[in-house]
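Sequence order for the protein chains is D and E.
Counting from 1, one number per residue, gives the positions in the first sequence under the working numbering.
Counting from 1, one number per residue, gives the positions in the second sequence under the working numbering.
Certain hints may be false.
Identical copies carry no separate label here, and so any pair may be met within one copy or between two of them.
Unchecked claim - When the alpha-carbon atoms are kept at most 27 Å apart in a straight line, the in silico DSSO-like pairs for lysine-lysine are as follows:
id	residue 1	residue 2
1	119	182
2	182	168
3	141	182
4	112	2
5	80	119
6	18	141
Calculated from the structure, these hints are not laboratory results.
Number of protein chains: 2
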Amino acid sequence: MKLLQERIRQEGLILSDKVLKVDSFLNHQVDTGLALEIGREFARIFGHQPITKVLTIEASGIQFAMATAMVLNVPFIYAKKKKAVTLSENVYSVPVHSFTRQETYQVSVSQKYLGSSDKVLIVDDFLATGAALVGLVDIVKEAGAELVGVGSVIEKSFQEGRSLLENKGVQVHSLARIASMKPGEIHFIEDQGRVQHVK
Amino acid sequence: MKLLQERIRQEGLILSDKVLKVDSFLNHQVDTGLALEIGREFARIFGHQPITKVLTIEASGIQFAMATAMVLNVPFIYAKKKKAVTLSENVYSVPVHSFTRQETYQVSVSQKYLGSSDKVLIVDDFLATGAALVGLVDIVKEAGAELVGVGSVIEKSFQEGRSLLENKGVQVHSLARIASMKPGEIHFIEDQGRVQHVK
């Protein structure tokens, strides 16, 4: 998605070869026009399939799930993150390790809102280690629902998340795929798979 | 907002005289059409003033901030509930006590995204004790920005949140004001201030 790549080039802060801050327009302050375009793009990519629900995880996936679900005219669900405490009986729940925060938390979705008749599109802001998204995929399977695919806004293609998902047979689309980066320099993988050298 | 009151009557789960669950349509699974109507209503109520930013707090305020900011065509910011690794420097920050979780957390907004030229509308899903919303009001003041008002989706009017905000001179609008409730019974305060007995 060209518009998104442009914004990352213009406003993204590359702090190291692994850390990209996009909190001026994606995940702290949010450009609502761009978020809506992102929703339209996910709907364009996945919307030929009969999606019944969009699933994401709190907090930074919510604006993109909201935009995508609005365009698809379906509800969305955001999985809750809790520190491992006593689990309620009526939730699908998986442990997820956060490498950013160096802690393991429990991700849960109420069983009332996901079932075997659902066709689910998962969306999130980042695909990097894939830990959170693999957790959401496991929840969709536990619910007996059909997984349509995973849409991530930004993919750190140099990390293992995409292969973890693809090894589970999941269709993955990312709107900006970063091949590599370091302060002052970022390389995107183009949709066709070529690496685009810019910045 | 009649549409919202109807949904609360139909789908809200009143667990006690203080606990109302609305997670089938507002804050776990989200009815995107209703969330957009809520955004339109906040924009209608506050939009005659020149709002530059909508402010909320992660996670359950995000869908309503997104909807409101989309309608107003401005960015929104969601305050973070604890210092993340990538959000450490130059933040406005206040401690907030959560009565639900019985813990105190730090609420922060990057100083880059809020300043003295901003006119801010704060929105959130619930106004009850007011702790989180008072924290956001303090952040807006700390930033030297102008506070346009606070919009809450559901207000538990039998708790002290509204008076805490009004004592700070804040204009508060809630779309559904609950005068009292117990399992099987809920009473709303109508816009005119009358109590409406239904359910």
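Do the hints match the structure? See the list:
1. 119 <-> 182: Classified as neither: same-chain Cα gap 38 Å, cross-chain 36 Å, threshold 27 Å.
2. 182 <-> 168: neither (30 Å within a copy, 46 Å between copies)
3. 141 <-> 182: neither (37 Å within a copy, 37 Å between copies)
4. 112 <-> 2: Close across copies (26 Å), not inside one copy (38 Å); limit 27 Å.
5. 80 <-> 119: Within. Shortest intra-copy distance 20 Å satisfies the 27 Å Cα cut-off; inter-copy 31 Å does not.
6. 18 <-> 141: Intra 30 Å, inter 35 Å, cutoff 27 Å: neither.
Hint check: violations occur at hints 1, 2, 3 and 6; the rest are consistent with the structure.
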